[in-house]
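Those protein sequences? They're chains A and B, same order as listed. Mapping of the first sequence onto the UniProt record's numbering: residues 1 to 486, in sequence order. Mapping of the second sequence onto the UniProt record's numbering: residues 1 to 449, in sequence order.
Think of the hints as simulated: they come from the structure by calculation, not from any bench. Do not rely on the hints blindly, as some may be mistaken.
Unchecked claim - Listed next, the stretches of chain B that the computed footprint assigns to chain A, with coverage defined by at least 3 CB atoms under 8 Å from CB atoms of chain A:
#: 1; segment: 9-16
#: 2; segment: 95-103
#: 3; segment: 175-183
Source: prediction; values computed, not measured. No residue lacks a Cβ here, since even glycine has one placed at the ideal position from N, Cα and C.
The lines below spell out each chain.
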Amino acid sequence: MTEPTVYELSSPGRVGIEYAHLDVPPSELPDAFMREELPLPELSELDVVRHFTHLSQLNYSIDGGFYPLGSCTMKYNPRINEVTARMPGFLKVHPLQPIETVQGSLVVMYLLQETLKEITGFSAITLQPAAGAHGELVGSLIMRAYHRSRGDMKRTKVLVPDSAHGTNPATSSMAGFTPVNVPSDARGNVDIEKLRELCDDTLAGLMLTNPNTLGLFDEHVLEVIDIVHQAGGLVYGDGANLNALLGVTRPGDLGFDIMHINLHKTFSTPHGGGGPGSGPVAVAAHLADFLPDPVVGILEEATDELPPLYGFVHPPQSIGRIKSFHGHFGIIVRALTYIMMQGPEGLRAVAEHAVLNANYLMELLKQDYTLPYDRDCMHEFVLEGVWPDAEGVHALDVAKRLMDYGMHPPTNYFPLIVNEALMIEPTETESKQTLDVFVDAMKKIAKEAHEQPELLHEAPHNTPIGRLDEVKAAKDLVLCCWRPEE
Amino acid sequence: MFIPHTDVERQEMLKIIGKKDLSELFNVIPEEFRFPDLDIPHALSEMEAQQQFSNLAGANNACDEMTCFLGAGAYNHYVPAAVDFLLHRGDFFTAYTPYQPEISQGTLQAIFEFQSLIANLTGMEIANASHYDGATAAAEACISAYHHFRGKRPKLVLSPNLNPQYLETIHTYFGMLDESKLVVPEDQMAFSDPNKLADLIDSETALVLVQYPDFLGNIYDLTAITTKAHEQGALVAVSVNPIALGLLKPPADFGVDFVVGEGQPLGIPMSFGGPYLGFFATRKELVRKISGRIVGETVDGTGKRGYVLTLTAREQHIRRDKATSNICTNQGLMTLAATIYMSLLGKSGMREVAELCYHKAHYAAQQIAELKGYKLVTQQPFFNEFVIECPKNVSVINQHMLEHGLIGGFDLEKVNPKLKNQMLIAVTEMNSREEIDLLLDLLEEALHD
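Could you build all of it, start to finish, from the sequences and the hints given here?
Have a look at this one:
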């Protein structure tokens with residue numbers, strides 16, 4: 001059944017909420033500026049509650065089932081995070097209140113800054129970026145500001161491995177750099193010889209995801225970083241895959257100069273159907289002065305009687321402000337709640353079990369699917385969703401068929417260097433039972449691909465709606481709840 | 001707790017992958033950097049964590065206990081109970097970005113409705129699925145205009161009466177584009193009539209960006225400046241307060257090309273500055289020039305109506321280095337909050353809230369104008385924010401009011417030293433007459449303090 005839109009449900013004159021009567025004398029309204037009509041829907045509160053409840057029932061979610069979505073770290077979102085973030089003392093605070101009245105919030109930000117620095121091995125951090133991509137932009141701007149501050153204007157080239165997320169080249173060019181592709185070697189590492197050839201005095205830096213999008217930790221990571229540093233470049237770490245490294249190794253210790261962190265992946269804050277995320281950026285000591293303005297610091301040290309006074313400090317060579325206010329505070333509270341409930345041992349256990357789960361799935365599935373890079377993986381791995389003896393079946397079909405088995409598909413067609421990629425990341429919060437059910441479904445699908453391929457082509461069969469006509473959507477461009485005028 | 005493995009299960013799994021213990025999974029990591037001792041506090045139980053955060057939240061003076069007259073970009077509005085109850089549904093908040101439309105119709109239809117509601121509110125033809133906040137939405141409008149002319153019109157004219165944080169954000173974003181030129185009349189807040197920007201617009205200009213109501217609360221007719229910009233071939237963007245549009249003429253009536261703004265007033269808590277959302281509306285012919293997610297209507301194989309992410313060829317994961325923005329997500333759950341809020345308030349509620357804000361703000365302004373020592377600076381029509389001149393330093397007055405449980409207005413001296421003693425006051429439906437009268441009493445007291 002199709003759920004009507006709020007416009008179709010609307011009935012003229014119906015009211016969803018009433019406000020208290022005006023308790024001051026009314027003033028004259030500015031005639032010249034009054035709008036003539038306000039064409040919004042008219043619904044009761046129950047209409048609204050029922051409509052959005054129906055919509056929610058059309059969604060798949062982590063609460064509903066397994067989400068083996070590579071590169072997205074779809075781990076369980078603890079409910080306590082939702083409780084702490086909604087405490088009235090946090091929720092009802094205006095961002096421009098005097099700092100004396102918001103010490104609780106500033107302590108939360110300061111603590112998250114300090115713990116993230118310790119977990120990643122960096123010296124300084126900003127919590128301002130609104131998402132991973134926003135963090136990447138900040139990192140690239142810092143890279144640019146660093147070279148320019150040294151009068152080194154010719155460094156315009158940023159190296160991006162061919163396994164990188166699409167945001168890496170997009171961010172580099174948005175930040176005014178020229179992205180240049182670096183190939184991977186046969187074991188999924190950065191090709192060292194090619195890297196050497198590309199490193200010259202125009203190099204601004206390398207954007208390295210490690211573990212990379214194949215789920216592989218680069219076997220020569222120290223050498224890669226050293227080559228870039230020798231050429232005068234900086235190494236940017238895409239922290240999308242940090243979940244594999246918690247308590248296992250610190251990117252700052254390995255020599256990375258900059259890294260963004262996705263709180264909505266690694267630190268359990270909900271994905272929210274596509275946001276809000278949060279993408280703090282951590283940097284090594286030599287880049288601290290370039291962080292976006294402002295960061296939280298201690299303005300007055302503690303005394304015998306008083307706690308320290310927290311406030312905002314302004315990095316001297318800051319790249320500037322990158323959004324309103326101080327970052328996604330509500331997400332910051334959730335991430336800190338999670339970290340405080342893990343402690344050092346808990347964080348290491350997160351990485352260990354995320355990697356255990358991935359290797360377990362990889363071992364069981366490589367019997368039925370081609371595994372192009374066959375070595376121990378970290379938190380995720382990539383299979384091919386195609387068989388030479390199952391003509392016409394593609395990764396997309398496998399993905400859609402998995403929905404019929406009640407599971408979310410893996411990431412498909414990414415990374416680009418794997419043919420018909422299926423990228424699988426189980427996370428540490430899934431039990432062996434869930435993984436076994438998934439393996440069973442994947443094996444059945446592999447069999448179906450050979451014996452009943454039409455089942456895959458026509459999938460999904462059991463979802464609220466079938467495969468949608470994306471070409472029609474882009475051609476008709478119906479983007480609002482009424483038909484565009486002809 | 002959040003890791004379900006039992007010892008037995010762990011052993012079975014290790015055996016299948018041929019490892020003796022968990023640490024063996026990490027042999028690829030350089031040994032000298034493997035398994036560092038992290039110096040962070042030991043794990044808390046859920047109960048302890050809740051207590052600790054409760055203490056931290058209690059260390060704030062929040063607006064549930066204080067009276068708030070602070071605005072300047074974030075506003076203390078009432079959030080109806082149904083909004084957050086619906087956001088709590090796990091099917092919404094634990095879902096991923098809707099890349100698989102067959103099992104994401106809830107999120108997709110909600111975004112489609114959001115786009116429709118924003119288009120209606122702003123009067124524009126289309127809207128996207130949102131940006132991070134008001135500042136980044138304004139910056140993305142500038143970037144869209146710059147790329148629309150392929151850099152051949154390098155100049156962007158920015159009103160000095162834009163929210164100063166938006167101006168700073170745009171400056172940061174344009175720091176990347178060496179050829180571009182941002183023109184802002186030097187003295188911030190020095191004048192406010194947008195028509196005075198007309199002389200700065202020429203054939204090199206890609207965009208004129210103004211705010212409505214502007215940062216100081218003033219409302220101006222934007223028809224003349226829009227006409228002037230269009231005569232020169234430039235585009236016009238307006239940053240708006242969405243609550244004001246429940247009452248005021250939508251910017252589309254002036255003929256503008258982009259309408260952006262901060263969505264926080266639409267049912268999103270202030271939460272110390274985020275997460276919020278930035279909305280972005282435009283004319284249909286510009287849809288391929290803008291960044292950000294867009295949802296479109298289509299059908300499945302049986303003809304059943306459904307929704308998908310569309311025009312994805314503009315985006316980073318397809319265009320990679322040719323994309324003009326690297327934005328991936330929208331503000332998901334925040335757009336859902338705004339969609340529920342606008343649906344619940346609807347036609348009458350949006351007008352009612354806007355009128356309450358308007359009348360209460362005007363009552364407060366009139367009363368302050370009567371106070372000895374104070375002057376109403378705002379002379380232009382305004383919505384719910386206005387500027388007063390105080391007999392003393394604003395920070396001194398605010399300190400006095402704070403001691404009596406009231407958070408005063410924004411100290412404009414912080415953004416322009418010439419605006420000494422000037423305070424920007426915001427009034428919303430949350431402020432009762434008693435609260436406004438308390439404000440008046442405290443302002444008067446502060447004079448003698």
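**OP:** Hint by hint, work out which the structure violates, then give me just those numbers in ascending order.
**Re:** Failing hints: none at all.
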